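S.K.: In case you want the letters, here they are:
Protein chains: 2
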Amino acid sequence: MPKQSAAEVQAPELPTRVDRRKARTRSALIGAAQALLAEGRVEVSIQEITDRADVGFGSFYNHFADKAELWDAAIIDTLRQHGDFVAAVTADLADPAEVFSVGLRVTGRLPRQFPQLAQVLANSGTKYLLSDEGLAPQALRDIRAAVATGRFDVEDAELALAMTGGSLLGLLQLLDSRPDADAEQLADEFATRVLRSCGLSRADAKKLVSRPLPQLPWD
Amino acid sequence: MPKQSAAEVQAPELPTRVDRRKARTRSALIGAAQALLAEGRVEVSIQEITDRADVGFGSFYNHFADKAELWDAAIIDTLRQHGDFVAAVTADLADPAEVFSVGLRVTGRLPRQFPQLAQVLANSGTKYLLSDEGLAPQALRDIRAAVATGRFDVEDAELALAMTGGSLLGLLQLLDSRPDADAEQLADEFATRVLRSCGLSRADAKKLVSRPLPQLPWD
Chain A
0 MPKQSAAEVQ
10 APELPTRVDR
20 RKARTRSALI
30 GAAQALLAEG
40 RVEVSIQEIT
50 DRADVGFGSF
60 YNHFADKAEL
70 WDAAIIDTLR
80 QHGDFVAAVT
90 ADLADPAEVF
100 SVGLRVTGRL
110 PRQFPQLAQV
120 LANSGTKYLL
130 SDEGLAPQAL
140 RDIRAAVATG
150 RFDVEDAELA
160 LAMTGGSLLG
170 LLQLLDSRPD
180 ADAEQLADEF
190 ATRVLRSCGL
200 SRADAKKLVS
210 RPLPQLPWD
Chain B
0 MPKQSAAEVQ
10 APELPTRVDR
20 RKARTRSALI
30 GAAQALLAEG
40 RVEVSIQEIT
50 DRADVGFGSF
60 YNHFADKAEL
70 WDAAIIDTLR
80 QHGDFVAAVT
90 ADLADPAEVF
100 SVGLRVTGRL
110 PRQFPQLAQV
120 LANSGTKYLL
130 SDEGLAPQAL
140 RDIRAAVATG
150 RFDVEDAELA
160 LAMTGGSLLG
170 LLQLLDSRPD
180 ADAEQLADEF
190 ATRVLRSCGL
200 SRADAKKLVS
210 RPLPQLPWD
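Top to bottom, those sequences are chains A and B. For the first sequence, numbering that gives the first Met the number 0 gives the first residue as 0, with consecutive numbering after it. For the second sequence, numbering that gives the first Met the number 0 gives the first residue as 0, with consecutive numbering after it.
No lab work stands behind these hints, which were simulated from the structure alone. Do not rely on the hints blindly, as some may be mistaken.
Identical copies carry no separate label here, and so any pair may be met within one copy or between two of them.
Taking lysine-lysine pairs in the DSBU-like style, the calculated list, with each CA pair at most 35 Å apart, reads [stated by the list, open to error]:
1) K66 x K126
2) K126 x K206
3) K205 x K126
Note that the coordinates shown come from a computational prediction; the quantities given were computed from them, not determined experimentally.
One chain only, chain A, in its complex shape:
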């Protein structure tokens, strides 16, 4: 006991170690929740979640008040991963319409490359379409910039954002129902239609979508 007290006094890193352990537990819970969300299994008990995360049952309540709070944290973490990924892929592009287009084309390719991430997005429902996290705020900024440069003809940018996000969920649903379909081809047709709904002519939309994609991490 005296030894431990001495360690507590002399070791400024002790809180950090506790913090790290807490962060690991939180991260394990979020990872388990993402796997369950991807499987569409939200009707599970907290015991099942902590078992899957391999953490103690009681530790759940150190991090989350209830399951709804965990699902929310897991979805927001997924939205951020997705937003960061698209931001990295589009970092070198100047035309906001192309940034927008590449975001759609890359996201439409996710189900085959990152099925769990895509499945969490697909199952998260429409509640997060206007979220301040993830791709939505970036896409809203791109839409407004493309309107400013005259590329897009959009009166209500938030409506265009909500419609684009919703139709992306529709694409993910379709890809899920057609496991053997060519996701690249469908993602590009999807992007072409969204660009046309934003005001590009068929020819301009096809031209933009036929541009080579930036290097993707899985290529």
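Please build the complex by placing chain B on the supplied structure of chain A, with the hints as guidance.
M.R.: For chain B alone, coordinates are given in the frame of chain A:
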């Protein structure tokens, strides 16, 4: 007791009465489920559902194996109501592009007229976008017919359907986040953008969407 037996023997309507009672119980459970879905409250106990439906706890299992089965039945019932409603409103229209357009415009107006129906649709997620129930099969038929008449320029009708349904969920989400917004104006801008994504020019889409709506039951 002998009286009751005699009644059982002599009354061929008895099974019918039982059937009617069973149908009432099922209908009460589905109504309660629709109210809960509209409120986004799916994390309720079966006891809460049967209390809300004002039926006995045990009767739940005469109709549904579990909550997931009840949610599914409640959503499909809502999809059918919605599909029947749009079919009735568009019954006298000949141009499939206009049938499609009116379906979108009318559905976008639902949140202000039938908030619970709209909220169930909004919360049902993307799982039902390609459903065989409700507006989806009608819309798919309209898209294909409009392609056949040359009005729409759509390669993959199911992709257009999934995108349209998803973007409709996005519109419902936006309307939910803007309780004071003009739903008619947003619904019509939404319909215009969907028509443009299906190949109509801006002018043709605006023209189609500015046509008077058929008589609506609430007008």
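S.K.: Each hint should be assessed against the structure and marked as holding or not.
M.R.: Comparing the hints with the structure gives:
| no. | hint | verdict |
| --- | --- | --- |
| 1 | K66 x K126 | both (16 Å within a copy, 22 Å between copies) |
| 2 | K126 x K206 | both (33 Å within a copy, 32 Å between copies) |
| 3 | K205 x K126 | both (31 Å within a copy, 29 Å between copies) |
The structure meets every hint from the earlier list without exception.
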